[in-house]
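Asker: Residue numbers (my numbering), protein chains in the order written: chain A, 535 to 797; chain B, 535 to 797; chain C, 535 to 797.
These are computed hints drawn from the structure, not numbers from a lab. Mixed in with the good hints, there may be bad ones.
Identical copies carry no separate label here, and so any pair may be met within one copy or between two of them.
[Claimed, not checked] Below 30 Å or equal to it, Euclidean Cα-Cα: the simulated DSS-like pairs (lysine-lysine) are:
(1) Lys698 - Lys547
(2) Lys788 - Lys724
(3) Lys625 - Lys724
(4) Lys625 - Lys751
(5) Lys625 - Lys698
(6) Lys625 - Lys788
(7) Lys720 - Lys774
(8) Lys683 - Lys788
(9) Lys720 - Lys651
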Amino acid sequence: MLELRLVQGSLLKKVLEAMRELVNDANFDCSATGFSLQAMDSSHVALVALLLRSEGFEHYRCDRNLSIGMNLSNMSKMLRCAGNDDIITIKADDGTDSVTFMFESPNQDKIADFEMKLMDIDSEHLGIPDAEYQAIVRMPSSEFARICKDLSSIGDTVVISVTKEGVKFSTAGDIGTANIVCRQNKTVDKPEEATIIEMQEPVSLTFALRYLNSFTKATPLSETVTLSLSSELPVVVEYKIAEMGYIRFYLAPKIEEDEEMKS
Amino acid sequence: MLELRLVQGSLLKKVLEAMRELVNDANFDCSATGFSLQAMDSSHVALVALLLRSEGFEHYRCDRNLSIGMNLSNMSKMLRCAGNDDIITIKADDGTDSVTFMFESPNQDKIADFEMKLMDIDSEHLGIPDAEYQAIVRMPSSEFARICKDLSSIGDTVVISVTKEGVKFSTAGDIGTANIVCRQNKTVDKPEEATIIEMQEPVSLTFALRYLNSFTKATPLSETVTLSLSSELPVVVEYKIAEMGYIRFYLAPKIEEDEEMKS
Amino acid sequence: MLELRLVQGSLLKKVLEAMRELVNDANFDCSATGFSLQAMDSSHVALVALLLRSEGFEHYRCDRNLSIGMNLSNMSKMLRCAGNDDIITIKADDGTDSVTFMFESPNQDKIADFEMKLMDIDSEHLGIPDAEYQAIVRMPSSEFARICKDLSSIGDTVVISVTKEGVKFSTAGDIGTANIVCRQNKTVDKPEEATIIEMQEPVSLTFALRYLNSFTKATPLSETVTLSLSSELPVVVEYKIAEMGYIRFYLAPKIEEDEEMKS
Numbered sequence: 535m536l537e538l539r540l541v542q543g544s545l546l547k548k549v550l551e552a553m554r555e556l557v558n559d560a561n562f563d564c565s566a567t568g569f570s571l572q573a574m575d576s577s578h579v580a581l582v583a584l585l586l587r588s589e590g591f592e593h594y595r596c597d598r599n600l601s602i603g604m605n606l607s608n609m610s611k612m613l614r615c616a617g618n619d620d621i622i623t624i625k626a627d628d629g630t631d632s633v634t635f636m637f638e639s640p641n642q643d644k645i646a647d648f649e650m651k652l653m654d655i656d657s658e659h660l661g662i663p664d665a666e667y668q669a670i671v672r673m674p675s676s677e678f679a680r681i682c683k684d685l686s687s688i689g690d691t692v693v694i695s696v697t698k699e700g701v702k703f704s705t706a707g708d709i710g711t712a713n714i715v716c717r718q719n720k721t722v723d724k725p726e727e728a729t730i731i732e733m734q735e736p737v738s739l740t741f742a743l744r745y746l747n748s749f750t751k752a753t754p755l756s757e758t759v760t761l762s763l764s765s766e767l768p769v770v771v772e773y774k775i776a777e778m779g780y781i782r783f784y785l786a787p788k789i790e791e792d793e794e795m796k797s
Numbered sequence: 535m536l537e538l539r540l541v542q543g544s545l546l547k548k549v550l551e552a553m554r555e556l557v558n559d560a561n562f563d564c565s566a567t568g569f570s571l572q573a574m575d576s577s578h579v580a581l582v583a584l585l586l587r588s589e590g591f592e593h594y595r596c597d598r599n600l601s602i603g604m605n606l607s608n609m610s611k612m613l614r615c616a617g618n619d620d621i622i623t624i625k626a627d628d629g630t631d632s633v634t635f636m637f638e639s640p641n642q643d644k645i646a647d648f649e650m651k652l653m654d655i656d657s658e659h660l661g662i663p664d665a666e667y668q669a670i671v672r673m674p675s676s677e678f679a680r681i682c683k684d685l686s687s688i689g690d691t692v693v694i695s696v697t698k699e700g701v702k703f704s705t706a707g708d709i710g711t712a713n714i715v716c717r718q719n720k721t722v723d724k725p726e727e728a729t730i731i732e733m734q735e736p737v738s739l740t741f742a743l744r745y746l747n748s749f750t751k752a753t754p755l756s757e758t759v760t761l762s763l764s765s766e767l768p769v770v771v772e773y774k775i776a777e778m779g780y781i782r783f784y785l786a787p788k789i790e791e792d793e794e795m796k797s
Numbered sequence: 535m536l537e538l539r540l541v542q543g544s545l546l547k548k549v550l551e552a553m554r555e556l557v558n559d560a561n562f563d564c565s566a567t568g569f570s571l572q573a574m575d576s577s578h579v580a581l582v583a584l585l586l587r588s589e590g591f592e593h594y595r596c597d598r599n600l601s602i603g604m605n606l607s608n609m610s611k612m613l614r615c616a617g618n619d620d621i622i623t624i625k626a627d628d629g630t631d632s633v634t635f636m637f638e639s640p641n642q643d644k645i646a647d648f649e650m651k652l653m654d655i656d657s658e659h660l661g662i663p664d665a666e667y668q669a670i671v672r673m674p675s676s677e678f679a680r681i682c683k684d685l686s687s688i689g690d691t692v693v694i695s696v697t698k699e700g701v702k703f704s705t706a707g708d709i710g711t712a713n714i715v716c717r718q719n720k721t722v723d724k725p726e727e728a729t730i731i732e733m734q735e736p737v738s739l740t741f742a743l744r745y746l747n748s749f750t751k752a753t754p755l756s757e758t759v760t761l762s763l764s765s766e767l768p769v770v771v772e773y774k775i776a777e778m779g780y781i782r783f784y785l786a787p788k789i790e791e792d793e794e795m796k797s
């Protein structure tokens, strides 16, 4: 039997909004340690990894490891019916083919339960090896979202270049070119407004803006975002989820030769 | 001659917004007692009844009973040109084929008059007999609107079931099922947030969500809504209009046999 | 070499939003006195004239007169990437075929440069003779925008009639007629809320609402708008740009005979 009670239910709503544009169907893995998910996006280019640790739930009961397959669009339809202050409980009986979402209003006057059919989804769990990154950039998540959106109005891909002084986002398109430089800045009033660069060596990688823009749907989950970059490794775009875990997006860089062959 | 002056003009704007999705053309009936309307929706399934009592107007002159036929969509286009703080006056001369809406800004700097052609509309006035209802539920209008909207994302019809403990709204659709229970609650800080149930006997009736959602366009008119339910009678969804009257929507329950025949 | 630095960058964003619906491509003329533009709208009915005086810029360097042709839609795409508090600098080298827009965040943490190709645009500069107007109306720009929008829901053209008492805006359409009168009013709390009429003789002119509605895109630039009216002259709709200049729209009145021939 599975029963997970999350007082801050709006967090689960935001998690779904962060993923549903990228992923159609996915298996959520429930174990004693937490509620997690790993899924490729529908075009098999990007990877999403979610972890909500068991300690972050008000009540967490998971008798045995369970993998529950859900359509994220339908799950999101149901979670949108929860109020932003509602407590959300996820329930599934052993051997059942459905999951129940229960929403309780703060004063307990309104109780809703939504039952959704589960799906059988083939999925293989990819091992993501720990890696050393050449550069790690932490910056305000809203700033990163704004930059990805702005550059999308000019071009399709972005070159992210990190030096000790800052991180540069560049694009080019039919109407012109654009460069946006964010300087390292640790002396800010609020720590979440800092831009901090940890760099082993300079790195410059090219990515499709379309996917980065999808990743920024996670912006409401965290005030900061971390970009981990290395040549020949996928970038990791991570949003920490306060006291619970994270949502991470992985995207392989574009290889210049590929670019030229296509064009 | 007809001349009705309403200081709180925004109220008339809200009344039109509440009705114009359901009703295309309708006769407004003006008499010494008030300004009223009764009309079927364009698919002849739901009935709307409006009453604005003469005492609620700052100035109310109606020399003889008059029925003025108006296209609600055009009337709404004109009323939307009134500012939210404007005083609205409705004028019609005897024997005329047009009506004038006058809008005065609070400081009298801006005066607008809009003249609209009247229409000849066939309509029969249905007598709505007073009825005893098995259950009457009073609840916050925004809560009712939210529930109808949320359930529409799951199914097409809602079963409303009233017991002494509360009122349950249930639906089912392709992606799953949903139940929302609102408990009776009289001990709230603000009286308009209470959910109060007056019940002679339990009742459970099925309605098309599409119509209930149209009714909730009246939500801005009142903080509370009253649902009056009896087997074999149309539900009455009533929004009181402060110190003036009400807007009531009537909708017949769906019969289970009909349902089965269709499916 | 051209280098114009504007601390209040949002102003340039608003100028572009004010013009881009009317004008596709235009030459900006840069001289020692300022940054200006004159262009016909794409249907060659209305004329736009912009002036931003050199004194209004924090830094203004223009070595020789320069005319730079830009696609306003592309320019607007780039300027929308500037934050509302950003400082904007426009740069062009002599003999270059591109212009650079630089955006600096207030704390200098984020610096963006956008480069856009210039265009060769044929344009003749119309001399606009100084004229005596029969009536000049100054009124709140939001009020004028609201009136043009409201009347558009009723008709296609507006008759603007000025007398000493006030200015009347009238229209007629399939669903009826509308008249909105704004009375002269100098005794208001805030000077920008005044409606002031300077009149030599009464005037009544007819204009296409479609163009007036386009002009009101300039409303965010100024709290007041000035309408200068004379028979047989185009109306001038002017929005002053604080301490910098103005944007003016010119539109010829419709001649009644034309109207009758068309209908």
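Asker: Enumerate the violated hints, using their earlier numbering and listing them in ascending order.
Answerer: 1, 2, 3, 6, 9
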